[in-house]
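Residue 259 in the UniProt record's numbering sits at position 259 of the sequence shown, with consecutive numbering throughout.
Think of the hints as simulated: they come from the structure by calculation, not from any bench. Incorrect hints may appear among the rest.
Think about it this way: if two alpha-carbon atoms lie no more than 25 Å apart in a straight line, the pair counts; the simulated BS3-like pairs of lysine-lysine are [said to hold, decoys possible]: (1) Lys204 x Lys185; (2) Lys139 x Lys237; (3) Lys192 x Lys117; (4) Lys139 x Lys234; (5) Lys234 x Lys52; (6) Lys204 x Lys73; (7) Lys204 x Lys117; (8) Lys185 x Lys124; (9) Lys52 x Lys141; (10) Lys129 x Lys234; (11) Lys192 x Lys234; (12) Lys129 x Lys192; (13) Lys185 x Lys165; (14) Lys124 x Lys141; (15) Lys139 x Lys129; (16) Lys52 x Lys165; (17) Lys199 x Lys141; (18) Lys117 x Lys73; (19) Lys73 x Lys165; (20) Lys204 x Lys192; (21) Lys199 x Lys234.
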Amino acid sequence: MQTAKQLAGELGLIRKRTFNQTSLGKNNGKSSGQQFSYLIVIDFESTCWRDKRNSDQEIIEFPAVLINTSTGKIESEYHTYCLPEEYPTLSEFCTELTGITQEQVESGIPLFLCLKKFSRWLQKLEAEKNIAYNSSSDKEKQLCTFVTWSDWDLGICLHYESRRKQLIPPDALRCWIDLRATYRKFYQRIPKGLEGALKDLGIKFEGRQHSGLDDARNTAHLAWRMIRDGCLMKITKNGLLPSSKGDGKKAKKITKMDNQCPLEHGSNSRSSLSSDYTKSDCGMRTPENKVLPTDAAMNIQQFKAVEFKDAIDKKTQMMRVMASE
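Kindly produce the complete structure, drawing on both the sequences and the hints.
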């Protein structure tokens, strides 16, 4: 005696579902119709505080990894530590969270020089791999775009720091893929952070969380898995960063080393610190007789930052001279 299911099958009322190879994770980026042959994953680490009293964050680790969407292989990496200039002394919370030490950032480079080196890395990839960033009318070019986990890295952190320091990042960084939003749309679920997204797909996070380079590598692994599962990578954000084509009258191009990054205050050495502050009728007075305003929200770190100015100015000027040679 036939079952209802068998009878329905014979009558053509039940159809067998077939899966293409993309659903089974056996596909590569090229044959799945990916627009981009390469992706560059970026994951900044920035200055931070437990109580969030300082809203202006500065990039202290700048990593980027290039992944081939046909093979999933990471083919190149860029990585450097950045010297914070507005709040030069890292908080204990920041070091605990990121693992980045004061010594590492003090041996780093200012953001303007970091962006200069990053631009050269992009140009090198362009030449070596015949890459065009975001779009191109040349069909022979291999298209590449940028990927971040959320819009924070490029849309908030780099965007506002560049505006404060009157810098213009490479134009290519004006477009990117928010992988968190893409993940949510593709899998129809809200990821619990990068590690949670990896875990949901059976992928183990490798390295240290909140290490910028490790986060970037793991985000690249996640992007590759999504591509294998059939996800088409598409740009989700476009045009938020300052542009070299005229956004902002005071903005300065990264390519001009002699006109970069006017510094308000900063430090390249903790040894230059003096704690000999005295009260004055209008605020705090430094040993150099500089008057600082009284403000309950300001802390001693901000007072120290003013005294750091001369030291960081000298280091930055030296870097500009070296970069121009």
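Each hint tested on the structure:
| no. | hint | verdict |
| --- | --- | --- |
| 1 | Lys204 x Lys185 | 22 Å, holds |
| 2 | Lys139 x Lys237 | 23 Å, holds |
| 3 | Lys192 x Lys117 | 34 Å, violated |
| 4 | Lys139 x Lys234 | 18 Å, holds |
| 5 | Lys234 x Lys52 | 33 Å, violated |
| 6 | Lys204 x Lys73 | 17 Å, holds |
| 7 | Lys204 x Lys117 | 32 Å, violated |
| 8 | Lys185 x Lys124 | 34 Å, violated |
| 9 | Lys52 x Lys141 | 44 Å, violated |
| 10 | Lys129 x Lys234 | 21 Å, holds |
| 11 | Lys192 x Lys234 | 22 Å, holds |
| 12 | Lys129 x Lys192 | 35 Å, violated |
| 13 | Lys185 x Lys165 | 35 Å, violated |
| 14 | Lys124 x Lys141 | 14 Å, holds |
| 15 | Lys139 x Lys129 | 14 Å, holds |
| 16 | Lys52 x Lys165 | 21 Å, holds |
| 17 | Lys199 x Lys141 | 35 Å, violated |
| 18 | Lys117 x Lys73 | 23 Å, holds |
| 19 | Lys73 x Lys165 | 35 Å, violated |
| 20 | Lys204 x Lys192 | 14 Å, holds |
| 21 | Lys199 x Lys234 | 23 Å, holds |
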